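*Asks:* Turn these sequences into a full structure, and let the hints guide you.
Going line by line, the protein sequences match chains A and B. Yeah, the first sequence ends on 428 if you go by the numbering used here, and it's all consecutive. Yeah, the second sequence ends on 303 if you go by the numbering used here, and it's all consecutive.
Since the hints were derived computationally from the structure, they do not count as laboratory data. Quick caveat, the model's predicted, so the values are computed rather than measured. Treat the hints with care, since some could be wrong.
What the hints assert, rightly or not - Covered by chain B, per the in silico footprint, the following chain A stretches (three or more residues, Cβ under 8 Å):
| id | region |
| --- | --- |
| 1 | 136-150 |
| 2 | 186-193 |
Stated by the list, open to error - Within a straight-line C-alpha distance of at most 27 Å, the following computed BS3-like cross-link-like pairs (lysine-lysine) qualify:
| id | chain 1 | residue 1 | chain 2 | residue 2 |
| --- | --- | --- | --- | --- |
| 3 | A | K170 | B | K293 |
| 4 | B | K89 | A | K390 |
| 5 | A | K390 | B | K65 |
No residue lacks a Cβ here, since even glycine has one placed at the ideal position from N, Cα and C.
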Amino acid sequence: MKNLTPLTADIITNNLVPQKFGKRGMIWTGVLVAFCIVGAYAYFLQLKNGLGVTAMRDYVSWGIYISNFVFFVAISLVGSLITAVFRLANVKWSTPLTRIAEIIAVSAIVFASLIIVVDMGRPERLLNLFMYGRLQSPIMWDVIVITTYLFISLLLLFFPLLPDLKILIKRKDLSVKSFGKFYSFLGSFWKGTRLQEKLNKRAVNILCVTIIPVAFCIHTVTSWLFATTYRPGWDSTNFGAYFISGAFLVGAGAVIVAMYVFRKAYALERYITELHFDKMGRIVVLLALLYLYFNVNEYLIPAFKMKNSEEAHLTDLFAGTYAPLFWFAIFTGMLVPIFILLFKRGRKPLPAFIAGVLVVVGAWFKRYLIVTPTLLHPFLPMTDVPESFKHYFPTWQEWAIALGSLAGALLIITFLPGYSPSSLYRKL
Amino acid sequence: MNNMKQLQYKLRIVILSVILILGIKVISFAQDSTVSTVLLDLKYYVSDQQVPYVMVKTKTKKERKFLPVKGIPVSVYLNEESGASLLGKVVTNENGEGKIIIPASFKSIWDSSSAFTFKATSEPDGKTAALSGELTIKKARLVLDTLNEDGARSIRVTALEKNGNEWIPVKDVEVKIMVKRLLGDLPISETESYTTDSTGQVVGEFKRDSLPGDIKGNLILLARTEDNDLYGNLLVEKNCKWGTPLKDNNDAYNSRSLWGTRYKTPVWLLGIAYSIIVGVWGIIIFLVVQIFKIKKLGIEQKI
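*Replies:* Set out below in structure tokens:
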């Protein structure tokens, strides 16, 4: 056992304020920026030549952009889980993870909003949605609820950040210099007076209560985009709960991945301990079992009935073209992580990290499987469409934009200050 | 001892069952692996509203059924196999079909001739042998007229064949007369098909009263030949106001409903949506005000 110096406020500050990037950090950032540039170029081509550059046609009109959108919305729910639910339940151990969860939530919801614009053939008409939208349309509900969730997530990131901003401004020597002015702009007025603390605490409490129903709304409404459409695979009353359980799972998986990376990159072993991996591992097992339960309901019950209209879709998933992807998503996204994390050894940092990566990767492909195969099996097939319309594989532009958006979200997570020293002082 | 015998007996049954299953499998595989030759068919299509085209079809016979063969590259020529006569090249799709539209560059030859021979060839590759097919077609067309005598509606179709510069009526051509519907064509009466008489004409009674048309009552009538040995697939279409006009369904959109316009949103939906929006955004605005309060407190503290 190492003989560690007791933690003091100064040590915590020194350890937790953002550090300058090392060589690995620069390479990581460079790779992400490169992905973003290629994605931006692909989007430029799409703007110039229209949505024809994608593989989306009359059958599959929602491709990987919408899969990516659903993935981002799902992952953004983690802010409400780790911060709000745990806070209201008086869970103390999650304190070092709250900032990580909030940043993941903000970056994911920002890119969910952007990717939906990317999916539009005429993005300059976005304003028309707000000016002429019909409130009867679930798409309008989604636009409203995403905007609302974005604002609430930003506020939930901002209020607890205020005391930390004071530290960051004071310790300009340690922070990334270009962010100094930004930190001053955001929080130079924070003096830490009793009244300021009181107002801040009350605001955070209100936010924690508000964000839970809004988070449930955002993903329920996203599921209704599908469930209100009469199509094989989407015609389900279970979709809201199915989506929310999946969202909590991928969010928790993403937090484990981020915990491991931050811990390694910034040597935070004293703050993000093995206990955190153990607890988060247990949560992931619980959520994966819950999601598995909804999957059984979503696939096994329709398969038991095997209605003519659903048969082609289901057999394509179970044993057809999409079978490898389907079983990959089920095993990678749920079964293997459950198996790893059920055991105490599996909840150590490295295996837990691997399980987290599997959850996130499986979740992305699961979203692809929810969106695309259904569109290829409409109840009423179109007549006289070219053969190519009946298949879908994304073009390089779609891949580049989707990967660019994922890289963009990771860039935000990389650059925003990920820890909350002030809340850790209070634990001393 | 008895147990031993029983065990041996069971073992024999298991071994025999395995042999039987494997045997059936081997036989069925042997049947499947029978090599069938690929057949190449040609079909010719012409209508009064489309450029004529040739359809090639590759298929093979397996277990007394024709199955399409995809991925066969086919070249189609007009009259002779030469580079100048090449109408086009196509690779058959998963239905074993490939379509070649007669190029505009063949217009002068097309207009001046009365008969053609389409020749299709496919080079041999590792999997299939060389294929060839031929289809000789006489140039013909159908003319569709509507008749309305004493309230009895009928359709007259005339089959005409090109002979030199003239179009002459031809007899004994089997014609189907139909009405175009959304997912298929509907015969105009119980008679499935008609055969032209010595004047090249056929008259079919239109028995589909009160068939829904478009908003003006238009129906699309059509007459066609199907795989005629001499003329191929001829098609003619004509609009006719013999349908029942569709009623304007605007009433459904003028009431407050989930499918109405944005000004016709149901009141209950407006109430729920706006109360949620106002409630949540009220909280957001309250919290933004708190930021300004905190800021004000900070500035006062500075002073």
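*Asks:* Take the hints in turn and mark each one as holding or not.
*Replies:* Hints and how they fare:
1. 136-150: holds (count 4)
2. 186-193: Satisfied; 5 residues make the cut.
3. K170(A) - K293(B): Holds, at roughly 22 Å.
4. K89(B) - K390(A): holds (23 Å)
5. K390(A) - K65(B): holds (25 Å)
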